[in-house]
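Line by line, the protein sequences give chains A and B.
Heads up: the first sequence at position 112 corresponds to 129 in this note's numbering, and the numbers run straight through without jumps.
Heads up: the second sequence at position 3 corresponds to 20 in this note's numbering, and the numbers run straight through without jumps.
What the hints contain is simulated information worked out from the structure, not anything from laboratory work.
Among the clues, some could well be false.
In this list, chains with the same sequence are indistinguishable; a pair is considered to hold if it fits within one copy or across any two.
[Said to hold, decoys possible] Keeping only pairs whose Cα atoms sit at most 25 Å apart, straight-line, the calculated DMTMM-like set for lysine to aspartate or glutamate is:
#1 K137 - D51
#2 K109 - D62
#3 K109 - D177
#4 K235 - E273
#5 K244 - D232
#6 K221 - E273
#7 K221 - D261
#8 K244 - D178
#9 K244 - E185
#10 K244 - E230
#11 K244 - E93
#12 K221 - E247
Chain by chain, the residues run as shown.
There are 2 protein chains.
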Amino acid sequence: MRVAFQGEAGAYSEEAIYGHFGAVETLPCETFDDVFAAVAAGDADSGLIPIENSLAGSIHQNYDLLLQNQLWITGEYFLRVRHCLIALPGVKRSEIRRVISHPQALGQCAGYLRSMEGVKAEAAYDTAGSAKLLKASGERTCAVIASRRAAEIYGMDVLDDGIEDNSENYTRFLAIAVKPVTPQADAKTSIVFVLNNQPGALFKALSVFALREIDLTKIESRPLAGKPWEYLFYIDLLGSAENDTVVRRALDHLNEYATMLRVLGSYPRCKTT
Amino acid sequence: MRVAFQGEAGAYSEEAIYGHFGAVETLPCETFDDVFAAVAAGDADSGLIPIENSLAGSIHQNYDLLLQNQLWITGEYFLRVRHCLIALPGVKRSEIRRVISHPQALGQCAGYLRSMEGVKAEAAYDTAGSAKLLKASGERTCAVIASRRAAEIYGMDVLDDGIEDNSENYTRFLAIAVKPVTPQADAKTSIVFVLNNQPGALFKALSVFALREIDLTKIESRPLAGKPWEYLFYIDLLGSAENDTVVRRALDHLNEYATMLRVLGSYPRCKTT
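Turn these sequences into a full structure, and let the hints steer you where they fit.
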């Protein structure tokens with residue numbers, strides 16, 4: 018089995034693949050678009066994309082790509098993101114003058130970085146990619162923020178571990194594939210829909226779930242291209258669109274209000290902790 | 018009067034300031050944090066921040082900054098974003114090999130850029146800043162995407178105008194200040210709240226508006242730091258928190274469910290077109 022992800026070897030997405038799928042082959046891709054394309058073309062059996070971080074929020078590009086592509090969500094995985102300060106072998110923490118990483122990783126370690134006097138933070142394309150670049154450059158006054166796996170892969174030293182300011186740092190990933198799955202018990206379902214732009218429209222839409230005591234775990238709104246200030250709504254709910262009668266009825270009911278409704282997938286729920 | 022904005026002279030935010038406030042003094046700031054800080058410290062009488070683009074969606078950092086700071090929203094403004102292809106004086110379109118701009122501007126002109134054969138797009142910090150940098154570098158095979166005003170300010174040529182793929186390209190800006198305003202008729206109110214993480218909680222919260230026929234124009238969710246998969250909800254609604262009894266009652270009602278509720282401001286509504 019081969020699973021596509023965005024980033025370089027050692028990326029957090031790759032760590033999530035091993036957590037979710039076990040020991041599979043991984044396919045690094047430059048962009049999220051490339052991950053969707055690799056799965057659609059059959060170059061990978063599945064893809065794993067980050068959809069939300071508990072500190073930084075949603076990765077909106079992937080919400081848009083779920084809509085633009087015709088793939089199914091087949092699973093979810095929660096990864097505890099644990100950042101490391103990584104440098105070339107033998108370098109001491111006191112020698113560091115620059116720290117490079119993805120802006121989100123720099124932001125999550127802002128307090129730690131402020132405590133390193135005389136050190137400048139610099140944005141880079143991604144976390145593991147920064148480690149790869151540093152290894153190639155051989156720059157001894159530079160460190161990167163990335164995962165422990167990235168340090169191991171590129172033969173670097175971990176100077177400090179768990180340097181994120183807030184330890185409640187989790188990323189939720191979604192597995193995507195060409196064919197849907199049929200989860201048995203404890204399922205989650207992701208949908209996207211558009212409503213007529215009328216007062217109370219969202220309230221009515223949520224009523225189809227609330228009145229049936231269906232638990233919503235996430236709601237996200239995204240702009241509807243070409244219609245300023247109208248929105249697509251993405252909702253995650255507990256239950257299966259195929260196996261749970263109450264969910265099926267709620268979706269039929271929502272279809273009465275929605276001008277567009279698409280089930281992105283029902284899949285086994287992953288417990289947060 | 019002095020109004021702070023993020024970016025260089027010629028930025029879309031500065032254009033929005035002139036549209037909203039008229040001929041005032043402007044204060045360019047490096048970051049959105051700096052805009053909030055300048056207003057809080059009294060270095061500027063007001064700030065104008067982008068909060069949402071009709072194609073790209075919300076600027077989440079500014080939602081977070083509204084919560085972290087104690088400023089009031091005092092107005093809103095809609096700017097039609099019209100991108101220009103800009104180069105050094107005398108340069109022909111056929112000479113261009115690189116186009117530099119903010120990633121969002123590049124994305125909004127992706128179709129146009131694909132039609133320019135043999136041209137590479139490169140991400141930069143901001144739109145007007147790219148024009149400033151190009152002017153300084155004197156590079157004749159390079160163009161930038163920015164506003165017509167940016168071209169004028171830096172003495173550059175506009176090679177092409179309105180190059181965005183989708184003409185329904187608007188950005189909504191919010192004016193922020195130390196003191197709140199009291200709008201008379203046709204007001205909008207922005208609030209932020211947190212709910213107990215219970216099934217149906219959002220449905221109940223929306224009911225306080227729907228049952229009073231209060232029109233919601235926007236809902237946005239952001240992660241609650243330190244509580245993974247719990248959310249802050251930001252809502253914009255029509256009416257004034259101070260002058261409209263029905264809105265005041267709805268907010269009192271919401272307070273019965275919410276564990277936190279803050280009115281970010283009531284302000285005169287700006288018509289979209």
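Tested hints:
no. : hint        : in the structure
1   : K137 - D51  : between (32 Å within a copy, 18 Å between copies)
2   : K109 - D62  : neither (43 Å within a copy, 47 Å between copies)
3   : K109 - D177 : within (11 Å within a copy, 52 Å between copies)
4   : K235 - E273 : both (22 Å within a copy, 22 Å between copies)
5   : K244 - D232 : between (30 Å within a copy, 18 Å between copies)
6   : K221 - E273 : both (10 Å within a copy, 21 Å between copies)
7   : K221 - D261 : both (21 Å within a copy, 24 Å between copies)
8   : K244 - D178 : between (46 Å within a copy, 22 Å between copies)
9   : K244 - E185 : between (37 Å within a copy, 7 Å between copies)
10  : K244 - E230 : between (32 Å within a copy, 23 Å between copies)
11  : K244 - E93  : between (31 Å within a copy, 19 Å between copies)
12  : K221 - E247 : both (16 Å within a copy, 23 Å between copies)
Hint compliance for this structure: hint 2 alone is broken.
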